[in-house]
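> Now for the letters of each chain:
6 protein chains.
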Amino acid sequence: MKKLVLTGAAGRLGSYLREPLSEMADELISTDIVEDIGMTYPSERYIAADLANYEEIAAVLEGADMVVHFGAIGDERTFEELLGPNFIGAYNIWEAAYRHGVKRVVYASSIHAVGMHKKSDFIGIDAPHRPDTFYGLAKCFAEDLASMYWDKRQIEAVCLRILSCAQVTNARALGSWLSYDDLVQLVTRAIDTPSVGFSVVYGVSNNDRVPVDNSKASFLGYRPKDNAEFMAEKILADAPPVDVTDPGQMCHGGPFASVELGQSGLATMNIIDDKKTT
Amino acid sequence: MKKLVLTGAAGRLGSYLREPLSEMADELISTDIVEDIGMTYPSERYIAADLANYEEIAAVLEGADMVVHFGAIGDERTFEELLGPNFIGAYNIWEAAYRHGVKRVVYASSIHAVGMHKKSDFIGIDAPHRPDTFYGLAKCFAEDLASMYWDKRQIEAVCLRILSCAQVTNARALGSWLSYDDLVQLVTRAIDTPSVGFSVVYGVSNNDRVPVDNSKASFLGYRPKDNAEFMAEKILADAPPVDVTDPGQMCHGGPFASVELGQSGLATMNIIDDKKTT
Amino acid sequence: MKKLVLTGAAGRLGSYLREPLSEMADELISTDIVEDIGMTYPSERYIAADLANYEEIAAVLEGADMVVHFGAIGDERTFEELLGPNFIGAYNIWEAAYRHGVKRVVYASSIHAVGMHKKSDFIGIDAPHRPDTFYGLAKCFAEDLASMYWDKRQIEAVCLRILSCAQVTNARALGSWLSYDDLVQLVTRAIDTPSVGFSVVYGVSNNDRVPVDNSKASFLGYRPKDNAEFMAEKILADAPPVDVTDPGQMCHGGPFASVELGQSGLATMNIIDDKKTT
Amino acid sequence: MKKLVLTGAAGRLGSYLREPLSEMADELISTDIVEDIGMTYPSERYIAADLANYEEIAAVLEGADMVVHFGAIGDERTFEELLGPNFIGAYNIWEAAYRHGVKRVVYASSIHAVGMHKKSDFIGIDAPHRPDTFYGLAKCFAEDLASMYWDKRQIEAVCLRILSCAQVTNARALGSWLSYDDLVQLVTRAIDTPSVGFSVVYGVSNNDRVPVDNSKASFLGYRPKDNAEFMAEKILADAPPVDVTDPGQMCHGGPFASVELGQSGLATMNIIDDKKTT
Amino acid sequence: MKKLVLTGAAGRLGSYLREPLSEMADELISTDIVEDIGMTYPSERYIAADLANYEEIAAVLEGADMVVHFGAIGDERTFEELLGPNFIGAYNIWEAAYRHGVKRVVYASSIHAVGMHKKSDFIGIDAPHRPDTFYGLAKCFAEDLASMYWDKRQIEAVCLRILSCAQVTNARALGSWLSYDDLVQLVTRAIDTPSVGFSVVYGVSNNDRVPVDNSKASFLGYRPKDNAEFMAEKILADAPPVDVTDPGQMCHGGPFASVELGQSGLATMNIIDDKKTT
Amino acid sequence: MKKLVLTGAAGRLGSYLREPLSEMADELISTDIVEDIGMTYPSERYIAADLANYEEIAAVLEGADMVVHFGAIGDERTFEELLGPNFIGAYNIWEAAYRHGVKRVVYASSIHAVGMHKKSDFIGIDAPHRPDTFYGLAKCFAEDLASMYWDKRQIEAVCLRILSCAQVTNARALGSWLSYDDLVQLVTRAIDTPSVGFSVVYGVSNNDRVPVDNSKASFLGYRPKDNAEFMAEKILADAPPVDVTDPGQMCHGGPFASVELGQSGLATMNIIDDKKTT
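First to last, the sequence lines map onto chains A, B, C, D, E and F. Under our numbering, residue 511 is the last one in the first sequence; the count climbs by one each step, no gaps. Under our numbering, residue 511 is the last one in the second sequence; the count climbs by one each step, no gaps. Under our numbering, residue 511 is the last one in the third sequence; the count climbs by one each step, no gaps. Under our numbering, residue 511 is the last one in the fourth sequence; the count climbs by one each step, no gaps. Under our numbering, residue 511 is the last one in the fifth sequence; the count climbs by one each step, no gaps. Under our numbering, residue 511 is the last one in the sixth sequence; the count climbs by one each step, no gaps.
I should point out that these hints are in silico values taken from the structure, not numbers from a laboratory. Fair warning: this is a prediction, and the values are worked out from it, not measured in the lab. Among the hints, a few may not be true.
It does not matter which identical chain is meant; a pair holds if it fits inside one copy or across any two.
[Unchecked claim] Heads up, simulated DSSO-like pairs for lysine-lysine below, C-alpha to C-alpha not over 30 Å straight-line: (1) LYS449 - LYS385; (2) LYS458 - LYS385; (3) LYS385 - LYS236; (4) LYS336 - LYS351; (5) LYS467 - LYS235; (6) LYS385 - LYS467; (7) LYS351 - LYS235; (8) LYS336 - LYS458; (9) LYS235 - LYS385.
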């Protein structure tokens with residue numbers, strides 16, 4: 234591949250992807266809204282751009298083969314706050330991809346697009362949308378947009394519905410954890426699979442307690458290696474009692490399923506995340 | 234019911250709904266973006282408001298029991314043109330409904346939310362979103378929003394996926410026609426059914442050639458009476474040859490399935506529609 | 234047919250079936266726990282018997298071709314109260330049928346075997362059991378028993394999951410009503426269909442708002458004629474507001490879905506029912 | 234339509250189709266293996282041809298718009314006997330259609346392609362093949378052939394899985410009857426629907442006891458009018474006792490499900506059928 | 234956990250569970266119908282109680298956090314013999330759990346609840362009940378009871394449908410074997426998973442020839458380690474010829490699928506089992 | 234096993250099977266159309282026979298316990314060329330098996346029976362037939378034939394839908410590869426499983442990118458060991474750009490999905506295969 238673009242490069246997950254992606258193309262263009270990203274990898278170049286600004290995004294995507302779109306506000310906010318980066322930003326990416334001949338978008342979608350399904354329903358990649366937050370609603374929007382750009386304009390897309398790519402610190406994460414290594418494998422497969430059409434795949438490690446079903450995305454060859462079970466004994470020993478009437482306990486979205494719309498869901502998880510990422 | 238709101242009241246479908254809705258509540262508030270709507274029915278009052286303006290919409294919904302939301306640009310346009318009335322407008326309706334205790338939204342969704350499915354697939358109300366246009370994408374967005382407001386805030390919603398509520402002038406309409414009488418029945422049932430949760434139902438008459446499956450919305454009691462078959466002989470005799478590789482012929486969305494994104498789909502059907510409606 | 238047996242003949246539904254059944258066989262044996270049933274129809278003979286007593290039931294079934302089993306306590310009670318007539322009674326019927334060469338049992342099952350499913354789920358005859366009461370649990374038990382006697386001993390069975398065979402007096406009944414005429418048709422078809430194996434079919438009229446799906450029992454030829462919609466306007470005008478968090482409003486079982494286990498569900502519906510029937 | 238071809242024109246069903254088909258095209262070419270077919274309808278011309286002979290068939294199809302393919306041996310025979318007319322004959326029709334630009338084949342398939350499914354399974358048009366005879370196996374072969382010619386060469390096809398188009402003389406026919414009028418409607422719809430791709434539809438009347446599910450072929454607009462139920466009382470009164478272990482009683486294929494492979498199934502039904510038809 | 238109860242502690246499977254369960258709670262109350270159970274583990278206390286006696290069971294469950302319910306007659310018997318321990322016993326457990334605030338029941342259900350399904354149908358946890366014996370019918374009863382106590386009273390339940398937890402001595406066991414180690418893991422997961430609602434999971438090892446599908450219970454994290462394949466060569470070499478018309482060979486229930494109702498199924502397997510267990 | 238027959242013994246796959254099969258029976262009869270096959274294994278005997286000739290085939294099968302049927306033309310050809318060996322040949326095998334008491338046929342079916350399904354559809358063993366070539370159509374024919382011989386005559390069959398049993402030389406093979414070792418395991422399991430009824434199973438290794446779902450054939454115990462992923466890096470680096478509108482890239486059948494009917498598909502893959510095999 235000649236040119237690859239990574240959005241959200243300054244974010245938590247984006248930061249991890251810069252090095253591996255820089256090795257997959259002659260040139261990696263990293264972009265985010267911050268002015269500077271510090272040191273870059275050999276084939277990497279950083280360009281600051283605002284997702285909500287079509288002209289800036291179009292300039293970044295020009296001449297690219299693929300774009301790995303991880304840029305967005307990575308937490309629940311009000312609809313007004315998310316409208317620019319998460320909604321319009323997604324439109325800008327696909328529209329710029331179309332106009333500039335970019336053949337594929339690898340997109341950081343999220344479990345929160347289907348977060349109100351019950352955890353006891355082993356949902357597959359074809360479960361109907363059931364967002365738990367405006368954040369999740371933006372993921373639904375982008376997935377539907379991706380579906381349309383494939384059907385109408387043959388822009389390929391892989392939507393990675395990431396469960397929780399963070400330290401394993403609570404009972405939910407025993408099932409939902411996505412390790413960084415598995416994240417890298419997932420993004421790699423989404424890039425190297427020769428044809429993907431419009432695809433959806435859950436981003437989750439090979440946990441014993443994995444609550445979602447990736448079998449229908451099998452042809453992508455994503456085979457995670459890590460397993461959160463090594464943390465089970467410690468976490469379950471300390472786990473607080475469960476309220477079985479709390480959607481935050483019973484639904485795939487976890488805390489996002491019980492948080493008030495427009496209020497930070499990460500805050501309830503004590504995840505400090507001051508960067509703009511998924 | 235004390236107070237009912239109808240948006241898009243100046244539009245093609247909205248115009249037909251004003252009279253029957255005015256008889257279902259003590260007060261019907263009709264609203265649209267035009268300044269004046271002319272004569273009103275006995276219990277009807279008209280208030281001009283811009284869907285894209287939250288404050289104006291909130292003022293209209295205050296104190297209402299339900300809102301029948303038919304307001305939107307009723308054709309394919311660019312994403313930028315649809316963003317205000319069709320996307321933000323939908324958000325404004327549900328958010329205002331929540332803040333003002335409105336218990337249910339009856340929403341004019343559309344077949345174009347699933348328009349890229351093949352006509353030979355007898356899709357049910359649970360078919361995954363597969364929009365054919367930005368217009369259809371806005372319907373997907375509003376349906377997902379409705380699902381979330383039900384799950385998180387118990388605002389009920391009935392999403393009416395209207396197929397084609399217009400004169401029967403082509404072969405597609407033999408299957409997709411929704412007569413005005415059946416439209417009225419459909420909206421009536423969406424209002425009078427005691428509990429609906431989050432529901433989706435196709436808006437289509439009892440046509441011999443009906444291509445979609447409403448069985449899972451059976452509890453709503455929508456039983457259409459009209460049938461486009463009376464036009465079949467004449468239309469089929471004059472029908473041009475079919476190109477079986479044209480998505481516009483093979484997909485549920487009809488002309489919208491083959492039109493360029495952002496370009497009017499109604500124009501290709503020779504439907505003159507100078508009003509802002511579904 | 235030479236000899237047909239009807240249990241629960243003194244009950245509300247049984248009373249309606251005596252005359253039509255008496256015309257379908259050379260001899261109809263009606264049975265119930267009461268000592269006397271008054272006047273009998275020409276080919277009818279009444280024998281008092283306790284369902285919970287195998288010997289008494291076996292004596293009644295001897296030589297019969299089929300048994301129409303409507304006998305049971307027809308309301309929610311404690312498990313202890315239902316154990317004899319509803320559980321052991323069902324076992325006695327099938328075991329006696331087997332030992333005496335009776336080839337088919339037509340059984341009054343009930344929607345309460347699946348009453349905790351949501352009304353917005355258009356459940357078919359293959360929906361998993363989800364009883365709402367001990368009363369419904371007894372229906373699950375008898376259906377599973379019937380399945381086993383078919384698989385192991387080739388005793389045929391039709392389980393009629395009756396929704397609500399009573400006057401249309403509330404909003405739920407607009408969907409769930411089974412008219413007496415349709416009940417008679419249903420039982421007739423369950424008897425005259427040449428082979429039925431183990432079958433389940435919902436007992437509900439041709440209501441506009443019918444909430445269940447009988448399509449998979451289509452070969453039985455049950456085609457109901459009545460429709461509760463004629464009562465809709467009046468009932469909906471007077472209907473109290475709905476609490477969307479109340480299972481009694483949202484689930485198929487209606488009041489039984491919200492009643493305390495062991496406490497009469499009919500009482501909450503103001504149905505006076507002092508007889509032992511379904 | 235300019236030119237339409239009907240094969241099996243001398244057969245039982247073909248004979249009924251000649252007149253209505255002759256009114257649907259400027260020219261109807263009727264063909265069968267017999268030398269002469271007697272009087273012809275105004276726009277009809279008869280050409281004798283052997284289905285097993287590609288050259289003869291190709292000559293008949295030249296210049297046709299569509300072909301209605303009802304020619305075949307209409308009963309169970311040995312594989313060797315069916316190989317020519319039923320297997321190779323089907324290949325010859327589709328291959329000749331392809332080479333001569335015929336755009337659609339309307340094919341008389343049969344319930345016997347899926348005859349070993351249980352009658353209590355309400356099979357849809359997507360039930361897997363489960364033939365009951367070599368006769369049914371030939372129908373499976375032709376359906377798969379039709380699927381392939383559509384996928385690879387865009388030859389459209391409607392496969393009409395006819396249940397039993399004959400007098401209602403036994404209990405099975407109460408569910409499986411296809412009246413001649415409904416047959417004509419079915420073939421008409423298969424011809425006049427603008428686009429059909431590769432479709433399968435059951436050929437059965439609107440019987441109360443209909444055992445198969447046509448809903449997924451809904452877009453074809455086939456809405457049968459006749460109902461075998463008028464014969465039910467008489468037939469059921471005289472019906473012999475059922476052996477529930479006999480596949481001929483329990484399976485969709487009826488007598489074909491229990492007949493020895495290679496031996497006439499119609500003989501067991503006392504149907505005298507000395508013509509070569511479905 | 235403070236207090237855990239194990240029923241059927243003197244039985245074959247119960248005996249294996251005493252030690253691991255005694256390590257999972259401050260106090261393990263083991264119970265069975267025998268007077269004495271011999272030596273106990275450090276935190277274990279034995280109380281004799283009759284499952285069929287509510288008062289005795291209620292006394293045992295008082296103050297417990299969870300109950301692991303393995304007590305029952307562990308073989309096919311007549312309905313009358315099973316009624317007390319297997320049917321009424323299950324009711325007593327759930328009712329006592331409800332009245333005493335026990336939050337979860339881990340229940341030894343069985344493959345025999347669905348034993349009449351064909352082995353070539355890879356049944357999931359949502360396969361409809363299809364019991365093969367009165368023993369299996371009691372499992373169906375308890376599962377439906379568990380479903381109801383969850384829906385109505387929020388008592389959680391995990392129903393472990395054990396296939397065959399015994400030595401691998403025949404061809405069926407190559408697929409159906411559950412090793413003791415995997416049994417312990419299964420029960421452990423059923424206890425330590427923070428929320429389970431009403432769940433069903435098959436109890437089977439990681440056999441190459443496993444005939445059932447646990448994927449929908451994935452969130453429980455049960456990942457068996459053992460595999461019966463090490464016995465395959467020896468067993469298959471000695472295996473008697475198969476009668477493909479014998480339900481005992483073709484159905485999930487194995488010998489129970491062909492045994493007469495009411496007669497011991499274990500006897501046909503030469504399993505000596507003189508204890509009261511599953 | 235006393236006597237086992239292998240057809241297609243001179244073919245590419247057949248050659249690999251001769252040695253392992255010779256160790257599974259007292260006598261292995263290998264057959265193919267060539268006169269001589271060279272050296273034989275200790276218990277092996279070679280008999281030349283033409284699949285299209287019933288008498289020759291019947292002589293080979295006499296007294297056999299099972300037949301492993303791999304004989305056929307192993308590439309796309311015209312229908313006329315395949316009719317003898319692939320269609321009539323299959324009939325001859327099953328008919329001879331029936332007449333001579335052979336209890337099971339293990340059949341080399343192929344992915345090409347379902348080759349027109351999209352690769353992004355994770356098809357199971359119950360996907361409807363959708364052949365991509367006359368070669369695939371012959372596989373459909375034989376599978377349906379096998380289904381019928383099981384339903385009507387209790388001849389067991391395992392249809393092995395082999396994906397691509399050849400060197401891993403292109404991107405498609407990363408998912409579709411079946412190693413020779415796994416082929417041997419697959420055939421072994423198809424032989425040693427005590428009862429199989431009519432079964433279908435995909436023949437594919439344990440590749441990361443496996444595109445089909447074998448879960449419903451789980452009871453056969455086929456657990457492949459090899460994985461084509463070791464070739465991924467090299468192959469993907471050299472892979473030509475993909476045309477997403479080419480069925481050969483997007484469908485399970487690979488090159489067969491885009492080849493003209495009747496023209497060699499292997500030629501497009503540069504596979505030199507001058508033998509008559511699957």
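> Does the structure break any of the earlier hints, and which numbers would those be?
When the structure is compared with the hints, numbers 2, 6 turn out to be violated.
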